[in-house]
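Protein chains: 2
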Amino acid sequence: MTRALDPERLARAYVSTVTQGPSRAVEQLIASRGVIDAAATMRTGDVPKAVWDRISARAHLDSAAQSLDMVAALDGRLVIPSDEEWPAWRFLGFDRQDGAPDKRDAGAPFALWVVGSASIAASSERAVAVVGTRAATSYGEHVTAEIAGDLAVDGWTVVSGGAYGIDGAAHRAALGVGGCTVAVLACGVDRAYPAGHERLLRRVSESGAVISEYPPGTHPARYRFLARNRVVAALSDGVVVVEAGWRSGARNTASWARSLGRPVMAVPGPVTSASSTGCHRMIREGEARLVTGARDIAAEVGVIGTGAGDDDAQDALFGRDLDRLPATPARVLDAFPASGARSVQELSVDSGVTVSAVRSALVVLEIEGHAGRDESGWFRIGGL
Amino acid sequence: MTRALDPERLARAYVSTVTQGPSRAVEQLIASRGVIDAAATMRTGDVPKAVWDRISARAHLDSAAQSLDMVAALDGRLVIPSDEEWPAWRFLGFDRQDGAPDKRDAGAPFALWVVGSASIAASSERAVAVVGTRAATSYGEHVTAEIAGDLAVDGWTVVSGGAYGIDGAAHRAALGVGGCTVAVLACGVDRAYPAGHERLLRRVSESGAVISEYPPGTHPARYRFLARNRVVAALSDGVVVVEAGWRSGARNTASWARSLGRPVMAVPGPVTSASSTGCHRMIREGEARLVTGARDIAAEVGVIGTGAGDDDAQDALFGRDLDRLPATPARVLDAFPASGARSVQELSVDSGVTVSAVRSALVVLEIEGHAGRDESGWFRIGGL
Chain A
1 MTRALDPERL ARAYVSTVTQ GPSRAVEQLI ASRGVIDAAA TMRTGDVPKA VWDRISARAH
61 LDSAAQSLDM VAALDGRLVI PSDEEWPAWR FLGFDRQDGA PDKRDAGAPF ALWVVGSASI
121 AASSERAVAV VGTRAATSYG EHVTAEIAGD LAVDGWTVVS GGAYGIDGAA HRAALGVGGC
181 TVAVLACGVD RAYPAGHERL LRRVSESGAV ISEYPPGTHP ARYRFLARNR VVAALSDGVV
241 VVEAGWRSGA RNTASWARSL GRPVMAVPGP VTSASSTGCH RMIREGEARL VTGARDIAAE
301 VGVIGTGAGD DDAQDALFGR DLDRLPATPA RVLDAFPASG ARSVQELSVD SGVTVSAVRS
361 ALVVLEIEGH AGRDESGWFR IGGL
Chain B
1 MTRALDPERL ARAYVSTVTQ GPSRAVEQLI ASRGVIDAAA TMRTGDVPKA VWDRISARAH
61 LDSAAQSLDM VAALDGRLVI PSDEEWPAWR FLGFDRQDGA PDKRDAGAPF ALWVVGSASI
121 AASSERAVAV VGTRAATSYG EHVTAEIAGD LAVDGWTVVS GGAYGIDGAA HRAALGVGGC
181 TVAVLACGVD RAYPAGHERL LRRVSESGAV ISEYPPGTHP ARYRFLARNR VVAALSDGVV
241 VVEAGWRSGA RNTASWARSL GRPVMAVPGP VTSASSTGCH RMIREGEARL VTGARDIAAE
301 VGVIGTGAGD DDAQDALFGR DLDRLPATPA RVLDAFPASG ARSVQELSVD SGVTVSAVRS
361 ALVVLEIEGH AGRDESGWFR IGGL
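Just so you know, the protein sequences line up as chains A and B, in that order.
The opening position of the first sequence corresponds to residue 1 in the numbering used here, with each subsequent residue numbered one higher.
The opening position of the second sequence corresponds to residue 1 in the numbering used here, with each subsequent residue numbered one higher.
It is worth saying that the hints were derived from the structure and are not from the lab.
No experiment lies behind these values; they were computed from the predicted model shown.
Some chain A residues near chain B, calculated using beta-carbon distances under 8 Å:
{"id": "1", "residue": "Y139"}
{"id": "2", "residue": "V143"}
{"id": "3", "residue": "V267"}
{"id": "4", "residue": "P268"}
{"id": "5", "residue": "G269"}
{"id": "6", "residue": "P270"}
{"id": "7", "residue": "V271"}
{"id": "8", "residue": "H280"}
{"id": "9", "residue": "I283"}
{"id": "10", "residue": "R284"}
{"id": "11", "residue": "L290"}
{"id": "12", "residue": "T292"}
{"id": "13", "residue": "G293"}
All residues carry an ideal CB built from backbone N, CA and C; glycine is no exception.
Taking the hints into account, I'd like the entire structure generated from these sequences.
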């Protein structure tokens with residue numbers, strides 16, 4: 001396979017394989033040396049102690065080429081930051097991770113192992129995570145089916161974790177209406193986990209994507225579930241928890257979303273149901289906004305029907321003559337006042353572009369010198 | 001009956017009968033002339049136009065003595081502000097009614113017609129309103145029974161509106177555990193409304209109280225339900241809505257509680273149930289705090305187990321030597337810092353005394369010259 005020979009891809013595969021999850025130390029090494037050089041020094045052990053402590057057990061096992069072969073055999077691929085389908089803006093939030101200590105070591109994934117027909121960037125352009133307990137009630141599964149089905153019909157990608165219960169119901173509902181759904185796994189994409197979802201995950205990969213930051217062959221483990229939850233949150237415009245017990249992985253996903261500045265939502269249920277206690281607690285503590293259906297959710301995560309999926313329509317509307325900018329950045333630029341700063345949220349409301357698409361557009365506008373940022377927010381550079 | 005001959009009581013009965021509900025104009029007339037003189041001028045029509053517009057249709061019908069006879073025949077009474085059982089502090093919130101235009105004309109009741117064994121002041125000392133839709137589901141009635149029963153066992157009076165559905169379930173649950181419950185009616189206390197609750201209301205009056213600001217013989221009417229809701233809110237430390245449709249009288253009660261500064265709470269339910277849509281909306285819009293049971297409710301309305309009902313224990317603990325103050329005001333005074341202002345809520349937390357009891361205590365402390373109020377809150381006068 002041609003792509004496997006690409007030295008950058010090979011280096012990313014190596015880093016992914018030996019690091020096994022996020023690491024700020026490895027991230028810094030790559031930032032200072034480039035990934036190819038970083039991978040070479042990681043192999044030799046000539047790296048800062050923090051990096052070595054993390055990788056020493058696996059540094060000698062150079063299974064990168066083998067992992068790439070394995071994913072290719074599944075008709076899959078390794079997606080890396082230089083690929084067009086890398087959803088760079090989805091991971092910008094990790095740059096500002098200075099809050100919760102439990103999240104400080106968790107940056108963007110080094111690469112994503114993917115089996116699926118969908119482009120990761122395109123499928124996560126307008127995406128909502130629908131997650132919850134494995135111990136779902138029939139009420140929870142029913143409500144998940146309604147919500148995920150309605151979101152998928154409205155063009156939202158439904159992101160979830162592939163687990164039994166709420167996750168499975170969310171994937172199934174999106175598939176059922178011919179929508180796009182993405183499963184983020186805590187093990188290699190070659191593993192069907194849980195085993196009973198082997199067929200469901202195959203269907204997810206056929207119309208959407210099955211994703212992992214862990215190389216093929218990796219077994220699920222508790223700490224991998226926690227790291228996986230951050231990818232679910234990162235790939236989504238918001239996280240909806242449908243049912244969750246008092247202690248639930250779904251609350252961990254919600255916590256990631258919160259620290260990434262994404263809306264967290266929870267669906268209430270009967271107060272007599274143990275499977276809703278986590279949702280009620282999150283709403284009560286102000287950790288999540290109460291939502292009752294897809295309409296509430298769309299109102300939280302963006303402006304209904306004007307997501308970045310409408311690029312063609314936006315092109316027709318705005319043309320590409322304004323400084324040769326793509327339509328969405330041009331539209332966001334148009335939402336700036338002549339002077340004064342705006343928040344991402346305000347720009348989203350004023351432009352009718354989703355928050356995640358505004359973030360993406362601001363990267364373009366900043367690079368092109370049309371916009372800048374200071375402590376009061378984003379401001380326009382140059383006249384109207 | 002001796003009390004009926006009391007000229008102040010007779011005057012209040014007249015005002016109540018001819019005004020039929022709250023009126024700021026009548027309130028001002030009473031404040032400037034005293035109630036006996038005010039009633040005399042109302043009879044002759046020699047009153048400001050705003051008063052006359054309100055009472056002209058009924059001013060000549062002096063049925064006050066007859067109303068007092070009717071309530072006496074029911075073993076009831078008219079409770080007026082000079083009575084010991086008048087819960088003055090409950091109505092203080094109306095003095096600061098400057099917000100919502102729909103509430104500006106609504107002050108304290110001029111008097112309360114009562115049938116019941118309980119003192120109004122004592123029974124509303126620690127009280128929670130539990131209200132909701134007439135179209136309750138079995139889920140709603142079950143949850144109401146749990147909540148109202150638990151509150152009553154913990155010594156809270158359960159206040160409600162005597163209606164079918166949630167209201168009835170709340171009264172019944174309090175009675176079922178031998179607790180105290182108060183029904184506030186939108187008609188005369190001689191009327192059983194709804195008719196199917198005749199027996200329930202009699203049981204409520206036997207162990208608690210059935211109350212109305214309308215004289216005996218008054219029929220229920222839509223505007224009387226709205227005014228009645230304000231009395232439900234005023235007599236309670238907080239309002240819990242168990243089930244409510246999209247448009248519901250319970251939301252009106254909640255709105256009164258909010259403008260009186262009392263906590264508003266709502267119980268969630270299945271998002272598939274139309275009877276919970278009002279609750280979900282209130283929680284979603286930030287109008288109500290989500291609660292799942294009596295424990296959550298107690299946490300919202302006051303400190304558990306240290307309500308003003310514990311006066312004896314507090315007396316033993318604090319003595320009455322501090323400036324000869326009653327125990328609760330002394331305890332609240334003790335919660336003040338040497339300098340700086342505190343809110344009622346902060347004083348409640350610091351003293352372990354419920355918010356309503358703090359309000360009551362502050363009236364005493366202000367009269368006795370121990371505390372004052374400015375725009376930043378309440379402050380102590382004199383040293384520690």
